[in-house]
Amino acid sequence: MLRPFEIHEPGTVEEASVLLAQFGFDAAIYAGGTELLLIMKEGLAHFPHLVNIKTIPGLDEIALSTEGDELQIGPLATHWELERSPTVKKHAPLFAEVESQVANTRVRAMGTIGGNLCFAEPHSDPATLLLAWGATLELSSADAQRQLPAADFTLGMFETARQPDEILTRIRLPLLSENTAGAYRKFSTHERPMATVAALLEVKDGMIEHARLAVGSVGPVPIRASEAEGLLRGQGAEEAAFSTAGELAASASDPIDDLHGSAEYKRHLVRVLTTQALEQAAKRAVGAVNEG
Amino acid sequence: MTAGIGHNVPRVDARSKVTGEALFTGDLKLAGLLHGKVLRSPYPHALIRRINTDRAALLPGVMTVLTSTDLQDIDPYYGHSIKDRPVLAIDRVRFVGEPLAAVAAQDEITAEQALSLIEVEYEDLPAATTLDEALSEAAPRLHETDTLRPGLFHGLGELHPQGNICYHHAISRGDLAEAFKQSEIIVEQEYTFPAVYQYAMEPHTVIAAWEGKSVTVWASCQHPYLVRAELADLFDMPVANVRIIVPFLGGGFGSKSYTKMEPITVGLARKAGRPVRIANRVDEAMVTTRRHNMRCWMRTGAQADGTLLARDVRFWMDTGAYADNGPRVVATAADAAPGPYRWKSFQIDAYCVYTNRPPAGSYRAFGATHLQWIGESQVDEIARQAGADPVEIRIRNLLRPGEEVRPGGKLLDADLVGDVQKIATALDWGSPKPPDTGRGIGVGLLAAGARPVSTAIVRMEIDGHATILVSSTEMGQGVRTVMSQLASQELALPIDHIKVPGGDTLITPYDRSTGASRSTTLAGMAVHRAAREIRHQLLEIASQAFEVAPGTIELRDGAAWHADQSLSYSELIQFHFGFTGGELIGRGEVSPGGGKGSYAEGPVFWEVCIGGAEVRLNRDTGRLHITRLVSVADVGQAVNPHLVEAQEMGASMQGLGNALFEEMVFDEGQILNGTLLDYHIPTTEDMPDQFISRLAENEDGPGPYGIKGAGEGALAGVPAAIVNALADIGVPVRELPITPERVWRALKDTEGERDDAWGPPSTP
Amino acid sequence: MRVEIPNGDDSPHLRINLKVNGQSVDTSIEPRELLLDFLRDRLGFTGAKRSCDVQVCGTCTVLLDGRPVSACCTLAYEARDRELLTIEGLAKGDELHPLQQSFVEQTALQCGFCTPGMILTAKSLLEEISHPTRQQIQRYLKGNLCRCTGYWNILVAVEQAARRLQPEGQSESPA
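Top line first, the protein sequences correspond to chains A, B and C.
So for the first sequence, my numbering puts the first residue at 150; every next one is plus one.
So for the second sequence, my numbering puts the first residue at 99; every next one is plus one.
So for the third sequence, my numbering puts the first residue at -8; every next one is plus one.
Keep in mind that a hint or two might mislead.
Derived contacts from chain C toward chain B, CB cut-off under 8 Å, selection only [to be verified]:
#  : residue
1  : Val47
2  : Thr50
3  : Leu76
4  : Thr77
5  : Pro107
6  : Gln127
7  : Cys139
8  : Thr140
9  : Gly141
10 : Val147
11 : Gln151
Pairwise CB distance ranges (calculated) [stated by the list, open to error]:
#  : chain 1 : residue 1 : chain 2 : residue 2 : range
12 : A       : Asp218    : C       : Gly57     : 28 to 38 Å
13 : C       : Asp32     : A       : Pro206    : 29 to 39 Å
14 : B       : His723    : A       : Gln296    : 42 to 52 Å
Here are the computed lysine-lysine pairs in the DSS-like style, where the Cα-Cα straight-line distance is at most 27 Å [as the list claims (entries may be wrong)]:
#  : chain 1 : residue 1 : chain 2 : residue 2
15 : B       : Lys442    : B       : Lys127
16 : B       : Lys531    : B       : Lys279
17 : A       : Lys238    : A       : Lys203
18 : B       : Lys311    : B       : Lys127
19 : C       : Lys133    : A       : Lys335
20 : A       : Lys190    : A       : Lys239
21 : B       : Lys127    : A       : Lys190
22 : A       : Lys335    : A       : Lys239
23 : C       : Lys10     : A       : Lys203
24 : A       : Lys239    : A       : Lys432
25 : A       : Lys335    : A       : Lys432
26 : C       : Lys83     : C       : Lys10
27 : A       : Lys238    : A       : Lys353
28 : B       : Lys597    : C       : Lys83
29 : A       : Lys203    : A       : Lys353
30 : B       : Lys127    : C       : Lys133
31 : A       : Lys335    : B       : Lys597
32 : A       : Lys432    : A       : Lys238
33 : B       : Lys531    : B       : Lys311
34 : C       : Lys133    : A       : Lys190
35 : B       : Lys311    : B       : Lys369
36 : B       : Lys597    : B       : Lys127
37 : C       : Lys10     : A       : Lys238
38 : A       : Lys335    : A       : Lys238
Hints were generated in silico from the structure; no laboratory data involved.
Just so it is clear, CB atoms sit at the ideal spot from N, CA and C, and this is done for glycine as well.
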């Protein structure tokens, strides 16, 4: 049983934002509730007001932009839906693949992508992928709207750039070019992952044109491994120095010692997972080109 | 149909469990039921300077607040081994999580809020939160050990507590120094075993309701009669004034053995004057009981050809702040320490140590799980040094049936060689292995059965249906099904004419406990004997009815037959009473008795703990994947083979968890992984690729039809098998669990120095 | 954190309609009520159990519009205008659902505490994938813990139920 609270049911983003502004720290956005109710049950936080944004129509839509160049995902899309959405599977199969690995079946059925990102739990699978992907997040308040790169959104453990009266209203994933492919590797010993790596490679004429790498779960926030990305640019996709890139990613990562494992071991895992993710991404990218 | 022994009849409780009808303690409703919550210590060791409950008591909805001062009219100490534990902390707390007050309120949230309004002033004391700290000279003493009193059921000799050591158990045979002198191979090493959480999925739940001077307790407890005795002793009342009713248990595995949350609930209900329920949360269950962590030193000596000669073992088990079942765990571990081999000499010194950690007690296959992987890894190391095959070296050294296992104990009653061969066959022992793949076997013995005191009553009603009154607790193992089958066999009665309600001390007669793999053997024998009494009565009545000698009558399908004439049991009972009412009553009992080959010799039987594993190592991450897991249930005769195999698989999976990842992590006595988010138990994704469970049925047990108990052994056998499989790939294990990180570190350590990486330092 | 003394009556109530096991329920709830408490304490459906309380173990699984959710971490409010299925609603009178029947036959349960949640999750799986591979079953049921069985018989029971629900060779439902 939880301590008493009131649920508000705004009909529009503006109404929700006004409510959030009005109640300030006494309010929380309620979406899937999978993370929020956990901390409320544990007594780690209490909010006398929950603003249920599920009463706002349209926030769960998954669609291609009118220009057809990006996938636009409403924050209320659940992991369950993203994992199964034909649109996501067709235009961003890697994203669907990662969504299918979030927590367990029940959490995916209730939990939303928006809630996952806004909660900024350090072991978030989608946060790591979206960082590598270069996704953009749309934040709206009653009188303003801004677009924020995923890289600027997660600031720390359970901390994001979202202002108290702002609502994450859209997640925008630019479609990957035909010769880009990615891979996601995850290593878990507990309920939540110990280390995760997302890699995207753009390959042209057998050469890596562009590499994007993100490392998650090992520290407070996912990070980009830019040095490793730089190293790979211009290398042959099938014989690139993936293990060196793994080492660079490992040294770029800033793991912490915790119950999952020591920082030293996590750094080792980052090296292994990065190498594996890059190899798989390269194989997929080359395959895609060959098929195309 | 009659479904006697050997039949795979569906569980008698299966239907109610798949429909949600099966009731567990937490599903029960009582008029006026209050919800109890427990205030627990945040300190590992502190004096309680002051407790102020005034504000909590004033919170609307709070009915009562209980502290130790409310229990001054009784002797508030309990503990079945050692009476060292107050119902609620008195003046001092000894572990993080120790109950020091309890609240009964109209609902749980009010009770929880009331807890936060209780003001406690503590004075921090130096704490001994690890074995090393507790055993050091300067260690703070947890208890005044000279004044400790033995509990009602310690079942051991003199306890001789000293310092923080609450019990010392020693066994020895032969001239140790001489045996080591003859040893050409000596293996010696130190090992560590972690604290482990049983995780019965239903956390401890208790309801207590007083009526005048009697109390009824619905409890998720394994041993209703032992709980009854302790409650009667605590609250100073006749045992008959305490009624314990046991609904279905959502798992036990030892975590619900002996007395746990019952005293606080009964005390709280007594003060509240209303029924009270206390339902532990998982984090509370974790500080209620756990498996002992342990430090062990072992040395094994053998001839150059691998013939085992000598073993010397010393180990220290951390029983936490209160003894709970620690002394028995230590004694059972000592019995398991030599392993199932023929020795010239062995010496075991085992210590049960108080620390400022949550109490440790029973967990399935205790003692054997602690020691077997250690002993078996030394046997494999000796095999390696002797250039012998691990299966072959075992067959050469294993005890044969009838040989002495430990001085003064029951002689071996199992075919260990046959069991090892079954495992080897299932593992395709000797066939080529894929790269980075290893195979291992672990075999051992567990002293099983506990005290052999059980009674049962079988009632045959006027319609010929039977009800079995037996106090064994159904906690998943299938005891109600097994008892039904045993009665079905003896009574020649269809199984759906037999009912086995749960334990209720007002109605079902005395049974010592449900644990130590004892129920099928002992309570089963009592049921068998009770059913046999009814069988005799039926034959007697039938002989009068048919006017023939009893020897010419056959009981079949719920009727007595003489040639082609038959009378149903119902007709026989009506004939007997000359009325359409009446019933037959049969009673059965088991007691130690005297002499050899009886239940007088401990243990009741030796449970075989055996497992085999094939593992694949990922050298990049250190992760192990179990490609094949094998166990053998050496059961004498299986009452229900499917049930035995299913239980073995469950035990194997717990063994896999114990071996690979389960560990309660403490820092300064505070548990760091107190939820299932951080304490990982095996999931479907941790399953072995091949999962094999075999039976050995040699009719060599002390139960009816040569039955002996099962269900624990694989939990000890599997970790030993996994450890040996990993050593087979060249990775030594001296600490459980074998986490990927530990394997990775071991791999790093062995790189380039493989030769001396394993080989523990041999002493001349 | 200091816990304030709540004012017993300030908690607002909401009227909700929902269907539980095919029956309409029209009742008033507090927003803070958890679905598990609502089902167990208010409606008397005790098949869903409380264990880990953090959405890991799955003993509290119920199907909300056909999807498995953790009732321990879901508000009763969520069920407004939706359909809930608990284990009590699975059998048709005396006739067990094929999953229930297979769990009985395969000894796919022991203590039975996880069984209601396990069966409901498996139901959701089989509705989506009529003949799952063993690996698919393992992945789908990963969030339903069982401490007794070692899972083997559960997998066997789910496979058997799949065959009974839709004999092999008949058209697959769209995954």
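Okay, the hints, checked on the actual structure:
1. The beta carbon of valine 47(C) is positioned within 8 Å of a beta carbon in chain B (closest approach about 4 Å), and the interface hint is therefore held.
2. The interface hint given for threonine 50(C) holds, since its Cβ lies 6 Å from the closest Cβ of chain B, which is under the 8 Å cut-off.
3. A cut of 8 Å between beta carbons decides the hint on leucine 76(C): the least distance to chain B is about 11 Å, and the hint is violated.
4. Checking threonine 77(C) against chain B: minimum C-beta separation of about 7 Å stays under 8 Å; hint holds.
5. A hinted interface residue such as proline 107(C) counts as satisfied when its beta carbon comes closer than 8 Å to some beta carbon of chain B; here the least separation is about 5 Å, so the hint holds.
6. Annotation: glutamine 127(C) was flagged as interfacial toward chain B, and the flag is violated, the nearest CB pair being 11 Å apart, outside 8 Å.
7. For cysteine 139(C), the interface hint holds, since its Cβ comes within 8 Å of a Cβ in chain B; the closest pair sits about 5 Å apart.
8. For threonine 140(C), the interface hint holds, the least distance from its beta-carbon to any beta-carbon of chain B being 5 Å, beneath 8 Å.
9. The closest approach between the C-beta of glycine 141(C) and any C-beta of chain B is roughly 3 Å, which is under the 8 Å cut-off, so the hint is satisfied.
10. Taking 8 Å as the C-beta cut-off, the interface hint given for valine 147(C) is violated, the closest approach to chain B being about 10 Å.
11. Restraint check, glutamine 151(C) versus chain B: the minimum CB separation of about 13 Å is more than 8 Å; hint violated.
12. Taking the beta carbon of each, aspartate 218(A) and glycine 57(C) are about 35 Å apart, inside 28 to 38 Å as hinted.
13. Taken as a hint, the range 29 to 39 Å holds for the pair aspartate 32(C) and proline 206(A), whose Cβ atoms sit roughly 34 Å apart.
14. The hinted window of 42 to 52 Å between histidine 723(B) and glutamine 296(A) holds, with their beta carbons roughly 44 Å apart.
15. Restraint check for lysine 442(B) and lysine 127(B): not satisfied, since their Cα atoms lie roughly 60 Å apart, outside the 27 Å limit.
16. For the proposed pair lysine 531(B) and lysine 279(B), the alpha carbon gap of about 37 Å is over 27 Å, so the pair is violated.
17. Distance restraint check for lysine 238(A) and lysine 203(A): the Cα-Cα separation of roughly 24 Å lies within the 27 Å cut-off, and the hinted pair is therefore satisfied.
18. Between lysine 311(B) and lysine 127(B), the direct Cα distance comes to roughly 22 Å. Compliance with the 27 Å bound is thereby established for this hinted pair.
19. For the suggested pair lysine 133(C) and lysine 335(A), the alpha carbons sit about 16 Å apart, so the restraint of at most 27 Å is met.
20. Taking the CA atoms of lysine 190(A) and lysine 239(A), the gap is about 39 Å. The hint is violated against a cut of 27 Å.
21. With a CA separation close to 24 Å, the supplied pair lysine 127(B) and lysine 190(A) stays within the 27 Å bound.
22. With a C-alpha separation of about 23 Å, the suggested pairing of lysine 335(A) with lysine 239(A) holds against the 27 Å cut-off.
23. Distance restraint check for lysine 10(C) and lysine 203(A): the Cα-Cα separation of roughly 20 Å lies within the 27 Å cut-off, and the hinted pair is therefore satisfied.
24. As the CA atoms of lysine 239(A) and lysine 432(A) are separated by approximately 19 Å, the hinted pair is consistent with the 27 Å bound.
25. As the CA atoms of lysine 335(A) and lysine 432(A) are separated by approximately 18 Å, the hinted pair is consistent with the 27 Å bound.
26. Straight-line distance between C-alpha atoms of lysine 83(C) and lysine 10(C) comes to about 17 Å, which keeps the hinted pair within the 27 Å bound.
27. With a C-alpha separation of about 24 Å, the suggested pair lysine 238(A) and lysine 353(A) falls inside the 27 Å cut-off, and the hint holds.
28. Only pairs whose Cα atoms come within 27 Å are accepted, and lysine 597(B) paired with lysine 83(C) is accepted, the gap being roughly 25 Å.
29. Straight-line distance between C-alpha atoms of lysine 203(A) and lysine 353(A) comes to about 43 Å, which puts the hinted pair past the 27 Å bound.
30. Proximity of lysine 127(B) to lysine 133(C) is assessed by CA-CA distance (about 32 Å); at most 27 Å being required, the pair is judged violated.
31. Restraint check for lysine 335(A) and lysine 597(B): the C-alpha separation of about 51 Å exceeds 27 Å, so the hint is violated.
32. Of the pairs offered as hints, the one joining lysine 432(A) and lysine 238(A) holds, with about 19 Å between alpha carbons and a cut-off of 27 Å not exceeded.
33. Between the alpha carbons of lysine 531(B) and lysine 311(B) the distance comes to roughly 68 Å, so the proposed pair goes past 27 Å and is violated.
34. Among the hinted pairs, lysine 133(C) with lysine 190(A) is consistent with the structure: their alpha-carbon atoms are about 24 Å apart, no more than 27 Å.
35. Simply put, lysine 311(B) and lysine 369(B) have alpha-carbon atoms about 13 Å apart, close enough for the 27 Å limit, and the pair holds.
36. A threshold of 27 Å between alpha carbons decides the hint, and for lysine 597(B) with lysine 127(B) the separation of about 24 Å falls inside it, so the pair holds.
37. Straight-line distance between C-alpha atoms of lysine 10(C) and lysine 238(A) comes to about 33 Å, which puts the hinted pair past the 27 Å bound.
38. Restraint check: the Cα-Cα separation between lysine 335(A) and lysine 238(A) comes to about 20 Å, which is no more than 27 Å; the hinted pair holds.
Violated hints, in rising order: 3, 6, 10, 11, 15, 16, 20, 29, 30, 31, 33, 37; the structure is consistent with all others.
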